[in-house]
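Just so you know, the protein sequences line up as chains A and B, in that order.
Going by the working numbering, the first sequence opens with residue 291, and the numbers climb by one from there.
Going by the working numbering, the second sequence opens with residue 30, and the numbers climb by one from there.
Just so you know, the hints here were simulated from the structure itself, not pulled from any lab data.
Some hints here could point you the wrong way.
Unchecked claim - No farther apart than 20 Å at their CA atoms in a straight line, the calculated lysine to any residue pairs in the SDA-like style are these:
hint : chain 1 : residue 1 : chain 2 : residue 2
1    : B       : Lys155    : B       : Tyr228
2    : A       : Lys500    : B       : Lys62
3    : A       : Lys423    : B       : Val119
Said to hold, decoys possible - Short derived list, chain B residues pointing at chain A, Cβ under 7 Å:
hint : residue
4    : Ser57
5    : Ile220
6    : Pro224
7    : Ile226
Quick caveat, the model's predicted, so the values are computed rather than measured.
Ideal Cβ placement from N, Cα and C applies to all residues, glycine included.
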Amino acid sequence: MKNLENIYCDGNSPFHRFTPPLKIIGNFILVFSISFLTNPVLIFSIMFIILILITLSKINIINYFKHVKSLLYLFLIMSFLLIISSGGGIFFKIELICFTINFYKSGLDLSILIFLRGLCIFSFFYLLLSTTKITDMLYSMVALHIPQNIGLIFLFTYRYIFRYFFEMEKMKKAIILKGIGKRKGKLLIIGELYANLLIRSYEDTDRIYKAMVLKGLLEKKVKTIKFKISSYDIILFCLIIFISLFYLILDKSGIVCK
Amino acid sequence: MHIADGILPVATSVGSFVVAGGLTAFLSTKIEKEDIPKISVTTAVLFVSSLFHIKLGPSSVHPLLGGISLLILGPKVFISVLVALFFQEVMFSHGGITALGVNAITMGGSALIVSLISIPILKNLKKPLFLLIYYFLVGFFALFLAGTLTILALLSAGSEVIEIGKALLGAIVPLAVIEGVLTIIVVQFIIKVKPEILYYYKKEKIK
Chain A
291 MKNLENIYCD
301 GNSPFHRFTP
311 PLKIIGNFIL
321 VFSISFLTNP
331 VLIFSIMFII
341 LILITLSKIN
351 IINYFKHVKS
361 LLYLFLIMSF
371 LLIISSGGGI
381 FFKIELICFT
391 INFYKSGLDL
401 SILIFLRGLC
411 IFSFFYLLLS
421 TTKITDMLYS
431 MVALHIPQNI
441 GLIFLFTYRY
451 IFRYFFEMEK
461 MKKAIILKGI
471 GKRKGKLLII
481 GELYANLLIR
491 SYEDTDRIYK
501 AMVLKGLLEK
511 KVKTIKFKIS
521 SYDIILFCLI
531 IFISLFYLIL
541 DKSGIVCK
Chain B
30 MHIADGILPV
40 ATSVGSFVVA
50 GGLTAFLSTK
60 IEKEDIPKIS
70 VTTAVLFVSS
80 LFHIKLGPSS
90 VHPLLGGISL
100 LILGPKVFIS
110 VLVALFFQEV
120 MFSHGGITAL
130 GVNAITMGGS
140 ALIVSLISIP
150 ILKNLKKPLF
160 LLIYYFLVGF
170 FALFLAGTLT
180 ILALLSAGSE
190 VIEIGKALLG
200 AIVPLAVIEG
210 VLTIIVVQFI
220 IKVKPEILYY
230 YKKEKIK
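Same shape as in the complex, but just chain B (with noise of 0.2 Å):
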């Protein structure tokens, strides 16, 4: 779902690092020294994580893991995902610099709005079957909402990009359902072994 260069108008490109910069400037604010050391090696397990492939058909794609992020560091999963997409258009070519803005608008902000409606959630969640059922929804929504912002901003490059997008939406479901259930995966067994590193994570309340 990454957006290469060259596809999104000016006003888009320009207009998406402007709000990514402002969002990160806002967050770096809300960053402690403490956080860096976290916020740094999840965005290096995002990315290395990127670089393994899950076979889908005759093609692969490779896990966003954004509800998991989001799951371990909140809102600021956001710059993550920024950090995360400038070391893979510096290193694989993948996606786009011109496009960095929306490409961390779509994913990193897709996954910041599920931090903020889910996280509050969470707290009045205690059977084990609803708590299954939210880890997935995180982890396809996460995925989900990312693919809709991504359609959304190819939208503007003209009416004549709307197949793209709408072949586009053919993958996300798939890709959402198993990135659902690697979250759930992903999840119960930090549960089991290291709950401490789950965002919400309170020492009174073992789940």
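Excised from the complex, chain A in its bound form (with noise of 0.2 Å):
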């Protein structure tokens, strides 16, 4: 069962200072710029560039690299899927008795070049989660326009994950106290502490509404927190698009080799 850790690291680096909504919208160029590239050496370069950030945004390196393994199982499985079937020409053969497992070299570049972007894509939104909070994140989203029912939905949810988790928690504990597991079936059992949990959440509804009531949040525009943008700020948004123009000219020039 994973724990319900936080990456947030607390600090000043200049990715810390950058104001949310700016660095979000920022993140989200950066990331479809990288989606448009092709060529694997360019996108390996840009991993260099995000280690160089992370290091300077004093993030617990040794977390990151945790979070890169767990993405690693599902990109070897899906890799491995990938270079037996993909078709083209073979560069490797495994015979065994019955039949033979084809490599495909097409399979091969491709499931590199997948790997390298889902792992770029993934460095930059731990870099943006890392500098951010994520209050600041969803009070940005609000910020930006999206409609409000779903900013308030956003807050909520996150208020109440963590009360629910505890929650769901305690309750395992009860049942495997009170010895519930070895009279019922396991689906069982599940199945009755999720519904045990629904029911103690709708339980809080009322609670809920009435507070929402109380600290104004049924007026037609809710107040939330105001984002200063800053010169620093409009330098750094400039610079991610100069860097994520750079590289896309540079991708369909040709002009760095494959």
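Got two chains here, separate frames each, mind docking them using the hints?
Take a look at the structure:
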């Protein structure tokens, strides 16, 4: 079972000081431009930039690699399936008694490209999440004019995730202590656990609604945090756009060999 | 069934964001202020439930609970799934941010489609056996359709990923069966204890 950990690291690096709304938009621009890149060498070079940024932001690099490890398993399985099934030129063969497994070069190229892209995109978002508090991210989304109802749903959901996680942990322990696991089937216990949690959560809704009324969250325009945009933020944002365009042009021009 | 970053072409990612964004904007106009706490807590429970795994052979899976969520929230289940997917990506790197639109459409969209088809049917069902079959099918199809849409999304990445799609197809059916059974167990429990949670519940009708 995963622990609910916040990957945010407190600090005063350039990325920490970057205003959240522009940081989120900049991240999306960078990430979508990486999705367009077809040259693995260019994508690999971006990884160096990311590692430098992670080091400058004083983020725990061991934690970063732990998260990368969890991605690796999925990519390894997907890459294996791609390499043996994509078709085209064969670079390696394993001959078994009844059949042959062919390893295709086009599958290998595609899996390397997908892996590098996925790793870059994941790393940029890891950098974003490590240098921005989740509450700031959610308020940024409201500042970026996502519908107010949706913004409130995001905020309330985040608020109650931790509460229900600990509630679920307590209920699981209670089941073990009462020996219910030995008397009922596993699926039945899991189903009844979920049902219990849903019922308990529903009982909170009335209280939450009254709290919303008292805190003025039912007004037409809810007051949230106002993010100041300084010249520093604009310079960083322009730099991100420049880097995205630079890599795109470099990729399309074919100057860098694959 | 979460698609990770880097797999899908840009056109699919951007297109799915536009569709998911449009659907979210439309559904947000249908949300009343009283619905916000219910959607938020159901989403939080959906998220927390995905942290607990069920052993399936050599591996383990986490339930989608799409069927149960749609029986509680109705068509607004799409928003709940989108928010839960966002937090899964942000907190656990499960799925991808560039694939968030696609994941929302495959999982949330499938729950939305099943809710639009199944909830009107419920009015005509009275026999307990038919109701049990109904709940099973809601849970089954919420996951099965999600898996099918995921495979279609993966096909947009090219014919090379077709084997991944085939592997996924083989895994969907047992998962959908577990989902169907879970839906029956959860809904039966809710009906006994607090039936007013359910979207279609009417006070004069106790099933």
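Now the hints, each set against the structure:
1. Lys155/B - Tyr228/B: Holds, at about 17 Å.
2. Lys500/A - Lys62/B: Answer holds: Lys500/A to Lys62/B is near 11 Å, not above 20 Å.
3. Lys423/A - Val119/B: Holds, because 11 Å separates the two Cα atoms, which is no more than 20 Å.
4. Ser57: For Ser57/B, the interface hint holds, since the closest Cβ of chain A sits about 4 Å away, which is under 7 Å.
5. Ile220: Not OK, violated: Ile220/B not within 7 Å of chain A, min 10 Å.
6. Pro224: With Cβ-Cβ at 10 Å, over 7 Å, it is violated.
7. Ile226: holds, 5 Å
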